[in-house]
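Protein chains: 4
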Amino acid sequence: MSSSPPPPTTSIATHTAEDVFVRGRSLCRELIGKVTFTEMTYLHITGRVPTPAETAMVDACLVTLMEHGLTPSALATRLVYSSAPEALQSAVAAGLLAVGSAFVGTVEGCAALLERILGAADVATEARLVAEEHRAAGRPVPGFGHPEHKPDDPRSIVLLKLAEAQGVASGHVAALRALAEAVDAVFGKHITINATGAIAAILGDCGLPAEILRGFAVLARCAGLVGHAHEEQHKPAIRAIWEASERAVPYDGAK
Amino acid sequence: MSSSPPPPTTSIATHTAEDVFVRGRSLCRELIGKVTFTEMTYLHITGRVPTPAETAMVDACLVTLMEHGLTPSALATRLVYSSAPEALQSAVAAGLLAVGSAFVGTVEGCAALLERILGAADVATEARLVAEEHRAAGRPVPGFGHPEHKPDDPRSIVLLKLAEAQGVASGHVAALRALAEAVDAVFGKHITINATGAIAAILGDCGLPAEILRGFAVLARCAGLVGHAHEEQHKPAIRAIWEASERAVPYDGAK
Amino acid sequence: MSSSPPPPTTSIATHTAEDVFVRGRSLCRELIGKVTFTEMTYLHITGRVPTPAETAMVDACLVTLMEHGLTPSALATRLVYSSAPEALQSAVAAGLLAVGSAFVGTVEGCAALLERILGAADVATEARLVAEEHRAAGRPVPGFGHPEHKPDDPRSIVLLKLAEAQGVASGHVAALRALAEAVDAVFGKHITINATGAIAAILGDCGLPAEILRGFAVLARCAGLVGHAHEEQHKPAIRAIWEASERAVPYDGAK
Amino acid sequence: MSSSPPPPTTSIATHTAEDVFVRGRSLCRELIGKVTFTEMTYLHITGRVPTPAETAMVDACLVTLMEHGLTPSALATRLVYSSAPEALQSAVAAGLLAVGSAFVGTVEGCAALLERILGAADVATEARLVAEEHRAAGRPVPGFGHPEHKPDDPRSIVLLKLAEAQGVASGHVAALRALAEAVDAVFGKHITINATGAIAAILGDCGLPAEILRGFAVLARCAGLVGHAHEEQHKPAIRAIWEASERAVPYDGAK
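Chain order of the listed sequences is A, B, C and D.
All residue numbers for the first sequence refer to this note's numbering, where the first residue is 213 and numbers rise by one.
All residue numbers for the second sequence refer to this note's numbering, where the first residue is 213 and numbers rise by one.
All residue numbers for the third sequence refer to this note's numbering, where the first residue is 213 and numbers rise by one.
All residue numbers for the fourth sequence refer to this note's numbering, where the first residue is 213 and numbers rise by one.
Keep in mind that the hints were calculated from the coordinates and are not lab data.
There could be a bad hint or two in this list.
If several chains are the same, the list does not tell them apart, and a pair holds so long as it fits within one copy or across any two.
List time: in silico DSS-like cross-link candidates among lysine-lysine, alpha-carbon distance up to 30 Å [unchecked claim]: (1) K447 <-> K246; (2) K246 <-> K362; (3) K373 <-> K246; (4) K362 <-> K373; (5) K401 <-> K373; (6) K401 <-> K362.
All chains should be built: construct the whole structure from the sequences, respecting the hints.
Laid out in structure tokens, this is it:
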């Protein structure tokens, strides 16, 4: 720990005897009862209260990401909850640890491609280039394709329609549509925009930076995991998961 | 792993090629764009879409709990983020692990007292009994008192006023008010209802079960921790925290 | 954050340009190559290098606790590893979060009973009292009984024989044996000392305080979870666990 | 979840009424009291009991990595412990989440370079190439240099001397020495092999695969974090850390 840079500061919050201040606003006079949880989250991260249309779209994305059934994430929460019921926060934390590259990597990967396309001289040309690079490398394009939802992911259709209706769709959604056209042309078949692709574009058009998009997946999933912990309180599944897993992954006796 | 009970089921979610279903509702047709994140969270946990007034109060409680500055929870998130920036979810999880008994124990403790008072024959008598027991044991009453916010916690005042205005305040809030009166009388001085007390009563009157209240603190704090991770991306504080802590907790050389 | 107590210090470690000092000893001159990992762990926690016999017993207890197959803890590690392979530490952390009251509660519960028996005027009388209280309350005695290992848990037999051979067995083991006799007499049948009971007594006789025994379970399991993460790298089980769990816990469609 | 590969198996462990088997060996007859914790860990991961010399070196590396004072990792453990003292495992898990790329990235990075050098036709030529590439890119060579320990990291000297004395040092250590020579020549000054470089080479020569080296850092640090949780039980530092951090990172009021 040698010579240090100038000391850092925080712009997030402070508190006095009479109030708490978040991003320069009075919690008691300007925020409680005045903004929703979603608006407060947006404000916390960006320093700005979102427009009603932006709020509607962030809500829609969080609602979409919240729940997908007994995913690895939900299973981890349930296994930990019943092992340590005194610490509900541990169960939720364990589930969140599974919100990693395999799950949200495609949101971030798609967001990076959209930024690249937006920064290029010509959107259509760059989108074509992106599609060709992925095709040549034999790699799927992040934000495209779905093993189950064919020919189209119904969540993307609903989300993108909503973004148009709310007037939020702009550069990122346009880049996504250009990329979708290029993907179909280059791969020679229709490949759906999946939910992570739609969400990457929509949150980008809501003014949210790419480097924090994973945080929205974490937040949405956090709510779902609280629900799984609650169900585990009333309908414990730990033993069924445990026994089914032992049967599904038998001991092979190899040294 | 001996004889098992009948196999458990889940009521939370399932998915088909065309849709995802959460609590029996179509994600694409009934939820995305139709409910807010807060309403979806309430639905996930209770199986019921909340009334607008309930939604307003859950939003108000989540907004209140989201942020309190550089708490132990926020510090843990920042220390882990800068140590493992490839895994934002780990940083948030580390911070959530600090949402334990020292922080949210009082919400749960207060909720348990309110349930007890509500279940008694006479609210005022039971409230008095509760206050007397705590006084005799030399223990603070969970949900009451605050080292900084004196004579009254401004957040509780705002929250309880809002709950009355929204018509949500009923049994639990009445039990809290009875308890507040008893506390002042028994302790012989005014002790404020603090934010955790107000939130325990209000979420109870919103129909949320006591055993999952910690989950709402976890969710609210999750959003705040995403914000701290984001600030750590741009204004890293890890080295300042590290060096200040080393100075504040020196090595004493004891064997 | 009102008036503070005198500032805390740490006795654990400091570092200079030439060395690191742990518990007052030079890492480079007195520890690396001079003590085993187990001895270093004991030194870190107690400030004292253990005797060879104590080391042998701590090793034996850690070896016993390390691995139990595809437990909830190992399953959580594997689910998280394959979801976020970029962060092996997250996978291990998720598994450790399951080392809670349901798993190590009995080590701590047994240790508390042994302390109580040791602190009483007469060991046999207090042991009898403990057994009778549990019988009357219809509760199992922590550290006793096992659903599979009947009539005796083979691990306890080996561990306790080793503790006698090493000359480590003293007060805590004697209290455990007295309790075992009382349990058989009071419950009217033989109930085995299980591995957690033996470990609670042996670590106690090794001079390790009850409040940190959970830490030894955490450490032993940590090694096992690293091994499960490593196997998941080469023989991924996530999909088999996921699919088996979805089949074992079906959606019931209840609202 | 479409068509699946052949079902996975586990080679780690199984259990019967009479015993537990780990890597094909009887826990009760072949492991408890027969192998140390370090040997058992090595066996768990590789399927082979290490030689005494390998054990000595793994012990030495784990001892070296265990403790470095009030690091971000130790601070996270202490902050979480005092926030949720009911869940010691959470505190340790929080600290482990900080064992990420910033801390152990260099072990993995150095191990990858050593594998590359070992796989080349000529060790010296490839080492020179590696050094030149890093110099040209303006990047430090992983495993080399230390801000405090100059001109040499004393831990590396002790560890490498021990590896020679134990007869463990072979290809990886030779590659590290060749790289050290090339680094000094190419950068035109002496840059020390640091502890992470020495450990990467030594664990490699002990037969441990590069992809699990992070697991050894996690395990070593786990023991240290249990010790920090234990000190936090007796000399709580949370408030001192909290207050010092608030002073070190003041609120700037920016919106």
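Quick check: which numbered hints come out false for this structure? none
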